[in-house]
Amino acid sequence: MEHGSFTDNSAATFSLTDEDHTIANAVRFTLNQDPRVTFCGYSIPHPSEAQVNIRVQTTGDPAREVLKDACQNLMLMYRHVRCTFDKAVEHFKASNAVKALKIDSQDSSGDDSEESE
Amino acid sequence: MAEGAGEEKKKFSIWDLPDVPVGQLPPHLELQRSRVSCNKDAPIHTESIQYSGAYASMGIDNSSRLDRFSNNFRVEVVRLNEDDMEFDMIGIDAAIANSFRRILIAELPTMAIEKVLIANNTSIIQDEVLAHRLGLVPIRVDPRLFDYLSENDQPNEKNTVVFKLHVQCKRGSPRITVKSDALKWLPNGSELVKETRNATSDSSSKPETYTYFGCSQETIPEFVKNPIIPKYPDIIIAKLGPGQEIELEAHAVKGIGKTHAKWSPVATAWYRMLPEVVLLEDIEDDLAEELKSKCPVNVFDIEDLGKGRRRATVARPRACTLCRECIRGDDWEKRVALRRVKDHFIFTIESTGALPPEVLFTEAVKILEDKCERVISELS
Chain A
2 MEHGSFTDNS AATFSLTDED HTIANAVRFT LNQDPRVTFC GYSIPHPSEA
52 QVNIRVQTTG DPAREVLKDA CQNLMLMYRH VRCTFDKAVE HFKASNAVKA
102 LKIDSQDSSG DDSEESE
Chain B
886 MAEGAGEEKK KFSIWDLPDV PVGQLPPHLE LQRSRVSCNK DAPIHTESIQ
936 YSGAYASMGI DNSSRLDRFS NNFRVEVVRL NEDDMEFDMI GIDAAIANSF
986 RRILIAELPT MAIEKVLIAN NTSIIQDEVL AHRLGLVPIR VDPRLFDYLS
1036 ENDQPNEKNT VVFKLHVQCK RGSPRITVKS DALKWLPNGS ELVKETRNAT
1086 SDSSSKPETY TYFGCSQETI PEFVKNPIIP KYPDIIIAKL GPGQEIELEA
1136 HAVKGIGKTH AKWSPVATAW YRMLPEVVLL EDIEDDLAEE LKSKCPVNVF
1186 DIEDLGKGRR RATVARPRAC TLCRECIRGD DWEKRVALRR VKDHFIFTIE
1236 STGALPPEVL FTEAVKILED KCERVISELS
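Residue numbers (the working numbering), protein chains in the order written: chain A, 2 to 118; chain B, 886 to 1265.
Do not take every clue at face value.
Unchecked claim - Pairs of lysine-lysine residues, derived as BS3-like cross-links and limited to a Cα-Cα distance of at most 25 Å, are as follows:
no. : chain 1 : residue 1 : chain 2 : residue 2
1   : B       : Lys-1143  : B       : Lys-1110
2   : A       : Lys-88    : B       : Lys-1147
3   : A       : Lys-69    : B       : Lys-1251
4   : B       : Lys-1227  : B       : Lys-1000
5   : B       : Lys-1000  : B       : Lys-925
6   : B       : Lys-1116  : A       : Lys-94
Claimed, not checked - Here are some, though not all, of the chain A residues that point toward chain B, as calculated from beta-carbon distances under 10 Å:
no. : residue
7   : Ser-6
8   : Phe-7
9   : Ser-11
10  : Val-28
11  : Gln-34
12  : Arg-83
13  : Phe-86
14  : Ile-104
These aren't lab readings, by the way, just hints derived from the structure by calculation.
Source: prediction; values computed, not measured.
Glycine included, every Cβ here is placed at the ideal spot set by N, Cα and C.
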């Protein structure tokens, strides 16, 4: 839900339902990084209701587009985090398997099935 | 900066200043931007400077574009067990790190016992207390294989897991403790028969129970060799004296931590910023010994410089718990600086056992991506 002026669409307040600080703070962070934004912030009108108001004021671009871009950026950031994390976990598991293999091979013959990771 | 120019005339010539590299902030501003200084009374510079035009007057672009983020972002796993993990995330902001933590605690689904149908309870544990305790028992099952059960749905094999608990303490035998391994999985659904008012219902058909399982859950490939059991078999549920009996059926459904904490998949998940301990001046001999003995987690070490002189070094800054013992007392604040790196987070995730911790984190990020998509689709 967007509340703003019909004539000037560079400043608007977006009201999201069923959201809380989790997504609002992250969106506010990415909005701030955008050089087109002059002002952005979020507020929660009442803690018992799951509603967030995000205020965006830009240097002329429509606020809706800027918010959409910020959300896209956030989504790409999350995707990148997920990929990097998965790679790091695989790398850790592989290096641990190699270490376990080295310790094992000192005692008995190495177990080849672990190496297949 | 007028005051800077005035100082320069008094103290030194402008040509003595070290070269500030173009495109970077001078060191004191860089410190303010990237480190939290933990002083004796309170930390300062705790807010992260997010605004893209913050350093515009110095000609520095503070906006973090996606490509710069992708290049600088790193994850390093320190410890990974079946139940907990510790890893470092370098290059993100506190807002993003907090969103991961909040989702891990409150919005990742799990299976937990919700409805308890009690046929017989003559123990001293009240019905509702027993049901509450059963709800908190973690169950070792992958919640991604199940759907949510809403009010209009009937409980079937796709959204419910049924357990049975039937324990009896015979007269004359000593007291027994009912532990969570007494919960038996019923893959064919509920066995308690519903009382139907309809006397003309045909007696040849199967009696109606409280769940409507189409097929046995044992036929689902994931459960063929892996029965669904509570994760820890030694959780005490109740204690029975002689002659007491508990007979009940427990239905577990999928839910999220926001509704009730029993559905939270993590024992807890937390993060802290990487501590940075810096010695502002050389600390030698007796002062060094004093510093080393002050720290309760042994952050400092003594190194020998030869000729009997010793110097203090920072050996394990990561272990620092920010107790501020090393800056207590006179003058110590001038010698030791405690800081935290604003974009380096040490995450710890302790899972209760339904899913391994690395899977939990991946699922949390997926949920966040879905939320963003929902916001985008609402906007368009």
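Taking the hints in turn, this is what the structure says about them:
1. Lys-1143(B) x Lys-1110(B): Measuring from Cα to Cα gives roughly 32 Å; hence the hint is violated.
2. Lys-88(A) x Lys-1147(B): 31 Å, violated
3. Lys-69(A) x Lys-1251(B): 19 Å, holds
4. Lys-1227(B) x Lys-1000(B): 45 Å, violated
5. Lys-1000(B) x Lys-925(B): Outside the cut-off at roughly 52 Å; violated.
6. Lys-1116(B) x Lys-94(A): 23 Å, holds
7. Ser-6: 17 Å, violated
8. Phe-7: Nearest chain B Cβ about 17 Å off; hint violated.
9. Ser-11: 15 Å, violated
10. Val-28: 7 Å, holds
11. Gln-34: With a minimum Cβ separation of about 5 Å from chain B (threshold 10 Å), the hint on Gln-34(A) holds.
12. Arg-83: OK, holds: Arg-83(A) within 10 Å of chain B, min 4 Å.
13. Phe-86: Cβ of Phe-86(A) sits 5 Å from chain B, so the hint holds.
14. Ile-104: Hint violated; Ile-104(A) Cβ to chain B Cβ min 17 Å, cut 10 Å.
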